[in-house]
Amino acid sequence: MNASSRQNLVIFIMLGIFAIFVLRLFYVQVIDDSYSLRADQNAIRKVTIYPARGILYDRNKERVVVNRPIYDMMVIPRQLEKDMDTLSFCRLLKIDKETFIARLTKAKNHSRFKPSLFQTQISVEEFAAIQERLHEFSGFYPEARTVRSYPYSSSAHVLGYIGEVNQRQIDKSEGYYLQGDYIGIGGIELAYESDLRGKRGVKYQYVDVHNRIVGSYKEGSFDSMAVSGEDLLLSLDIDLQNYAESLMVNKKGSVVAIEPSTGEILAFVSAPYYDPNLLVGSIRGKNYRVLANDPSKPMFNRPLQAQYPPGSIFKPVQALIGQQMGLISPETRFPCNGGYRMGSHTVKCTHVHDRLNLEESIQLSCNPYYCWAFKTMIDNNPGKSSPEGYVIWREHIAAFNIGLKTGIDIPNEVRGILPSVDYYNKIHGKKWYANNIISLAIGQGELGITPLQMANVMAIIANRGWYYRPHLVKQIGDGKGATVKAAFKEKINVGIDDKYFDVVLDGMQKVVDAGTARAYGKIDSIVVLGKTGTAQNPHGQDHAVFVCFAPRENPKIAIAVVVENAGYGGVWAAPIASLMIEKYIKGGTNRTALEKRLLEAVIP
Amino acid sequence: MQRQEKTIFQYIDKISILFYFLLTFIGWIAIYSAVYNEEYKSIFDLSQNYGKQLLWMGCSYLLLVIILALDFRIFEGISPFVYVTTLILGAGVLVFGREVNGAKAWFEIGSFRLQPAEFMKLGTVMMVAYYLSNTDAAISKLKAKVVVGLLLLLPVGLIILQHDTGSALVYASFIFVLYREGLSVNYLVFGGLSILVVVMTLLLNEWTVAISIALLGAIYVALSRKKRKALWKTLAVVVPAILVVISVNYAFENILEEHQRQRINVLLGKVEDFKGAGYNVHQSLIAIGSGGFFGKGFLQGTQTKFDFVPEQSTDFIFCTIGEEYGFLGSVLVLVLYAALLIRILNLAERQNTRFGRVYGYGVASIIFFHVFVNIGMAIGLLPVIGIPLPFISYGGSSMFSFTILFGILIRLDSGRKLVLR
Numbered sequence: 005m006n007a008s009s010r011q012n013l014v015i016f017i018m019l020g021i022f023a024i025f026v027l028r029l030f031y032v033q034v035i036d037d038s039y040s041l042r043a044d045q046n047a048i049r050k051v052t053i054y055p056a057r058g059i060l061y062d063r064n065k066e067r068v069v070v071n072r073p074i075y076d077m078m079v080i081p082r083q084l085e086k087d088m089d090t091l092s093f094c095r096l097l098k099i100d101k102e103t104f105i106a107r108l109t110k111a112k113n114h115s116r117f118k119p120s121l122f123q124t125q126i127s128v129e130e131f132a133a134i135q136e137r138l139h140e141f142s143g144f145y146p147e148a149r150t151v152r153s154y155p156y157s158s159s160a161h162v163l164g165y166i167g168e169v170n171q172r173q174i175d176k177s178e179g180y181y182l183q184g185d186y187i188g189i190g191g192i193e194l195a196y197e198s199d200l201r202g203k204r205g206v207k208y209q210y211v212d213v214h215n216r217i218v219g220s221y222k223e224g225s226f227d228s229m230a231v232s233g234e235d236l237l238l239s240l241d242i243d244l245q246n247y248a249e250s251l252m253v254n255k256k257g258s259v260v261a262i263e264p265s266t267g268e269i270l271a272f273v274s275a276p277y278y279d280p281n282l283l284v285g286s287i288r289g290k291n292y293r294v295l296a297n298d299p300s301k302p303m304f305n306r307p308l309q310a311q312y313p314p315g316s317i318f319k320p321v322q323a324l325i326g327q328q329m330g331l332i333s334p335e336t337r338f339p340c341n342g343g344y345r346m347g348s349h350t351v352k353c354t355h356v357h358d359r360l361n362l363e364e365s366i367q368l369s370c371n372p373y374y375c376w377a378f379k380t381m382i383d384n385n386p387g388k389s390s391p392e393g394y395v396i397w398r399e400h401i402a403a404f405n406i407g408l409k410t411g412i413d414i415p416n417e418v419r420g421i422l423p424s425v426d427y428y429n430k431i432h433g434k435k436w437y438a439n440n441i442i443s444l445a446i447g448q449g450e451l452g453i454t455p456l457q458m459a460n461v462m463a464i465i466a467n468r469g470w471y472y473r474p475h476l477v478k479q480i481g482d483g484k485g486a487t488v489k490a491a492f493k494e495k496i497n498v499g500i501d502d503k504y505f506d507v508v509l510d511g512m513q514k515v516v517d518a519g520t521a522r523a524y525g526k527i528d529s530i531v532v533l534g535k536t537g538t539a540q541n542p543h544g545q546d547h548a549v550f551v552c553f554a555p556r557e558n559p560k561i562a563i564a565v566v567v568e569n570a571g572y573g574g575v576w577a578a579p580i581a582s583l584m585i586e587k588y589i590k591g592g593t594n595r596t597a598l599e600k601r602l603l604e605a606v607i608p
Numbered sequence: 417m418q419r420q421e422k423t424i425f426q427y428i429d430k431i432s433i434l435f436y437f438l439l440t441f442i443g444w445i446a447i448y449s450a451v452y453n454e455e456y457k458s459i460f461d462l463s464q465n466y467g468k469q470l471l472w473m474g475c476s477y478l479l480l481v482i483i484l485a486l487d488f489r490i491f492e493g494i495s496p497f498v499y500v501t502t503l504i505l506g507a508g509v510l511v512f513g514r515e516v517n518g519a520k521a522w523f524e525i526g527s528f529r530l531q532p533a534e535f536m537k538l539g540t541v542m543m544v545a546y547y548l549s550n551t552d553a554a555i556s557k558l559k560a561k562v563v564v565g566l567l568l569l570l571p572v573g574l575i576i577l578q579h580d581t582g583s584a585l586v587y588a589s590f591i592f593v594l595y596r597e598g599l600s601v602n603y604l605v606f607g608g609l610s611i612l613v614v615v616m617t618l619l620l621n622e623w624t625v626a627i628s629i630a631l632l633g634a635i636y637v638a639l640s641r642k643k644r645k646a647l648w649k650t651l652a653v654v655v656p657a658i659l660v661v662i663s664v665n666y667a668f669e670n671i672l673e674e675h676q677r678q679r680i681n682v683l684l685g686k687v688e689d690f691k692g693a694g695y696n697v698h699q700s701l702i703a704i705g706s707g708g709f710f711g712k713g714f715l716q717g718t719q720t721k722f723d724f725v726p727e728q729s730t731d732f733i734f735c736t737i738g739e740e741y742g743f744l745g746s747v748l749v750l751v752l753y754a755a756l757l758i759r760i761l762n763l764a765e766r767q768n769t770r771f772g773r774v775y776g777y778g779v780a781s782i783i784f785f786h787v788f789v790n791i792g793m794a795i796g797l798l799p800v801i802g803i804p805l806p807f808i809s810y811g812g813s814s815m816f817s818f819t820i821l822f823g824i825l826i827r828l829d830s831g832r833k834l835v836l837r
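Chains A and B, in that order, are what the protein sequence lines are.
For the first sequence, the residue numbers in this note's numbering are 5 to 608.
For the second sequence, the residue numbers in this note's numbering are 417 to 837.
The set of hints was computed from the structure by calculation and includes no laboratory data.
All clues given are correct.
Mimicking DSSO-like on lysine-lysine, the simulated pairs with C-alpha atoms at most 30 Å apart in a straight line are: (1) A:Lys112 to A:Lys176; (2) A:Lys86 to B:Lys520; (3) B:Lys457 to A:Lys50; (4) A:Lys207 to B:Lys457; (5) A:Lys65 to A:Lys489; (6) A:Lys430 to A:Lys388; (7) A:Lys352 to A:Lys430; (8) A:Lys493 to A:Lys590; (9) A:Lys379 to A:Lys409.
Every value quoted in this text rests on a predicted model; they were computed, and no experiment measured them.
Next up, chain A with everything else stripped away, as it sits in the complex:
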């Protein structure tokens, strides 16, 4: 080989290798675009900016639910140093070494390069101590979040609570929720989730190899601001609510107060209740188990979910329907005789009265009167068979929203019980009469009504025949866009003429002034109209019920009180309602002895 060909071979080898490099570069840089993606994953961190969840105010603009800052500790496993002082880190976070290892393993399994949640819900106070030394532990960084806080520690059953989304919710949300997001789990928080949650913002930041933020990506042109959730104005009067809760302490039962003119719920108590602050942050899981296992069922939302036979509070409704059907007039009298006899069975009355008229029948809560009245409505409806009569009667009852969901704006409401005609047809065949179902006459038997429905019935009577669906949120958002759900703007008429109300209201006024609730229901200077009731309890002492409203003209508040196992309605339920009316209308009471007795009473 001559010199020049040797030179050429050397050049050929060198250029050949460079050519391979060019091909390789072409493949890596031009054809395979996965590297760009990985460079971005390396250097660009997507930081979620969590919107502030909407705040809840009561009707007087008192803050009932607020946001409290907490911190989540995040970890990027790759950035942990090999000689990290694990022990002092564990001490700092107050965890043991096994927990540390378990969490780190979980994070590593998720990704070595991407952040994982290491410890959630560190309070501001705890975090202050951690922050001082956090720089010693590379790979760990905090993320600020907020949790709910309840300054009044009340209204748990109304407000509900929030918690982290589960996988099913993430899948269902079509991309809205991400791991670690909060979602409303009960009450208002759940029902108004889409209003409260707001819109997440996102910020793209450049980070260097140590995960330090070194600048914003493309001058923030891809960033979006977080939009805060809508604030809610609740219909609750938090003072009245707290007062009602204190009156229900050591008792079981419900209190629901409604403003009749609007359907707005002023107080909503389910006793026993719990402090909503128990279900916040890292303590939620533990406390939830305790509450869920409590035999007194504090998590049970009685006003929505407990159904009782309406008992005597059914009588004013019967009186109105009987008149509307044209079968009973104020001067219709039926015998008492201490009981309504049908063969071997007798519906007893508490007293033996003379033949009462309609007004007196309500005042004195005469059972036989209503048995006769019911028989009249079912059996003696001209031209109608008894089942046909029942259908007509039932429609009237249903118009009072008994046996139907009221449509309140928190979830898990039950319907109550109001049997259909088919139900009785099945039991009694085609031919049956009022006496077959006579328990209904006095609100017993196959009837179930929730405390919320009871209060709503009172609101209907207070309004003389119409109502707005009871609801807890007066206003969504503030300023111009403020709104309320459309369902709560519709005025609903129950189909009872105004003229039929006077006699019923007279009777109800006398219940308080001179009847079954006179002892504890009466308030000087405020006209209270009410009706006591006793819901039969096959498991023990009967439940005391009292429903009422006040004042008679331009009624401001309608209340239903149920105290379980408290016996006769006038003794325990009536004074609670009465004290609440006084509190709401007058701002307080001077019946301190009565108040004290209630605050201290223990009714298991």
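The hints should help you fit chain B onto chain A, whose structure is shown.
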């Protein structure tokens, strides 16, 4: 005197000088990007690597001028002295040196570090050229091979003792020099095939490779017309090849150090370790790959700017170029090197002395090998071997040694007309 000065500068090869300046300038800009720091924005800031590199560049240019001003005749004469001096430095560093990243290869004088290995290349090239030009022995003769082999083994041995494998491998590039001086082409072929066989063995099962080689040999013999002659020829190739195959795994497991094994395994795709041994290469590939066709632009590289690639300003400087200037910029750098290398080889060929020619080939071979290993590593074709990219990587020692290496050739070339044939 006046006339001679003029002559010298007239005969300086301006083309290769231009390539040299372009490459050092590209290096300076790339280093600025690689270690860019918001607080020290000035590219002249001497507290930062880019400022220092500018200082090294200035010193190098001065060095170049000094070399060009020297009498070109002295270089051949001082070659043995340079060789011995650099060897003494290389031995001295084993005793007085400072250990950095596991390699005891640096002298530390104040805040400056000197790496003798960089200068041993220069000494060795000069010495080999000196030996070949002052002996009648053709390289095809055994004696010349043994002497050249020893001249190479001395620095290689010292460098291996310094745990600087990368720099030791550079001496393999002398095969081009020796080939040009008459070494049989079979050595090149044998070298290339050995590499192929080693790689195949590491990738596949050693017995698979051995049997395949034997089979290929058998087929060759079967197809040959002169079977007896073919058999001997084949056996002469196949038997050593199989011996290589069998020894590869032994060498791999017992001679290489753990981190070297890891690097090779990563390269061969046998282990996927983006955090440990594979981290550098993985990040380097991401940097270069994310550059795309046109690159992200000056100072826009996220991989290099935010320190995802380690050793960016030295061994992985090519990442910065790949990321910020893309395929276009990367190819431009390769083209510049290719042009420089071809130019140097042409300069070497036109030398009137054997010393000049051997020296020129030595310069080209060393520069080529550095580029080959450095860029090959950055784009994931070669295992991680830490040697600098000539004229571009940050560092005074490599800048000076390459400048001297290059400068002497230019000086020899500019004076060639004065040498009597």
